[in-house]
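J.: Use the sequences and the hints to build the structure in full.
Number of protein chains: 2
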Amino acid sequence: MAIEIERKFLLANDDWRVAVERSESIAQGYLVGAQALRAGLAHASVRVRLAGERAWLNVKAATAGIARAEFEYPIPVDEAKAMLATLCDGVLEKTRHYVRVDGTVFEIDEFAGENAGLVVAEIELAAVDAAFPRPSWLGSEVSTQVRYYNVNLIAHPYRQWSPGERVAEGAAC
Amino acid sequence: MAIEIERKFLLANDDWRVAVERSESIAQGYLVGAQALRAGLAHASVRVRLAGERAWLNVKAATAGIARAEFEYPIPVDEAKAMLATLCDGVLEKTRHYVRVDGTVFEIDEFAGENAGLVVAEIELAAVDAAFPRPSWLGSEVSTQVRYYNVNLIAHPYRQWSPGERVAEGAAC
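Chains as they are written, first to last, in UniProt numbering: chain A, 1 to 173; chain B, 1 to 173.
Worth flagging that the hints you see were computed from the coordinates, not collected in a lab.
Among the clues, some could well be false.
Claimed, not checked - Chain B stretches covered by chain A per the calculated footprint, using a threshold of three residues with CB under 8 Å from any CB of chain A: (1) 23-35; (2) 40-49; (3) 53-63; (4) 71-77; (5) 81-94.
Note that the structure is predicted; figures quoted are calculated from it, not measured.
Note that the Cβ used here is the ideal one computed from N, Cα and C, for glycine as well.
T.: And the structure:
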């Protein structure tokens, strides 16, 4: 088990694109999704993720905030494909770009499909209050805003968000 | 992935006990349990199982019947314990006895706690219609009776069953 300490930000502009080291396509779905969590019928999300020729099953405690208990196990790609096709309600597709700033890796997820238009930068930290670089392209923090959780983007994708739900975007960090 | 083909029976008497080869204690809980499945908010149960010094995460399609898609992954024991303690609603405890009859292994689960009194024999088969031995201690088949599913024994344990729910017991195979 790990405690995942993750902070999540919108992007203030596109300047990060010139610094991308590598990108990969990710498809993920949930065996336990947002509806079961919201109904209090589960205490953790269970995610199937496929990234190129690798795949994982991931269990993440359903607590809102920066630090969450997380368990992750590599699984065969064909089994991930079977679970995504038959046991998940919807599949989230995104391109993950890796950008390194002063030794810190930002994972910038550019969503597709019903979530096209949404771009979110994540960093994993060793402590909740750990310092990290703040490049000029880093926008508002949305770590505690649950509508940005990937698990919630399946049932309530970005294209269906109201103007009010998108209001924070573009604001300075 | 495997297709699990499993048939489940009650026990007509205790004669199987003299043929037990080995027994082990099992504790298991569910990240996706019966309530989420019944509410249609998940398509698979997700089980954490601890048996001695081994543990697994198991994903099983939530279809009633004999053949079900199943995915199983070994996980560290300490992670299983952490998930059972913090992410599962209740833990099912049982002793699993292994009994071999003419080369076929019967797994006989003797439940404890709120399910004490319930004993169920399971066999895994290569095909739905595969032949298997029928020793005299094998009782009624309950393969398609969902109240006997382990996932359902958490929220609706055997001790709370009505006389009607227990009615099939003891009938001949």
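J.: Can you confirm whether chain A covers the region 81-94 of chain B, using C-beta to C-beta distances below 8 Å and requiring at least three such residues?
T.: holds (count 6)
J.: How about the region 53-63 of chain B: do at least three of its residues have a C-beta closer than 8 Å to a C-beta of chain A?
T.: Held - the region 53-63 of chain B has 3 residues with a Cβ nearer than 8 Å to chain A, which meets the minimum of three.
J.: Verify this for me: three or more residues of the region 71-77 of chain B with a beta carbon less than 8 Å from a beta carbon of chain A.
T.: Answer holds; 3 residues pass the 8 Å Cβ test.
J.: Check whether three or more residues of the region 23-35 of chain B sit with their beta carbon closer than 8 Å to a beta carbon of chain A.
T.: holds (count 4)
J.: For the region 40-49 of chain B, count the residues whose Cβ lies under 8 Å from any Cβ of chain A; is that count three or more?
T.: holds (count 5)
In this structure, every one of the numbered hints holds.
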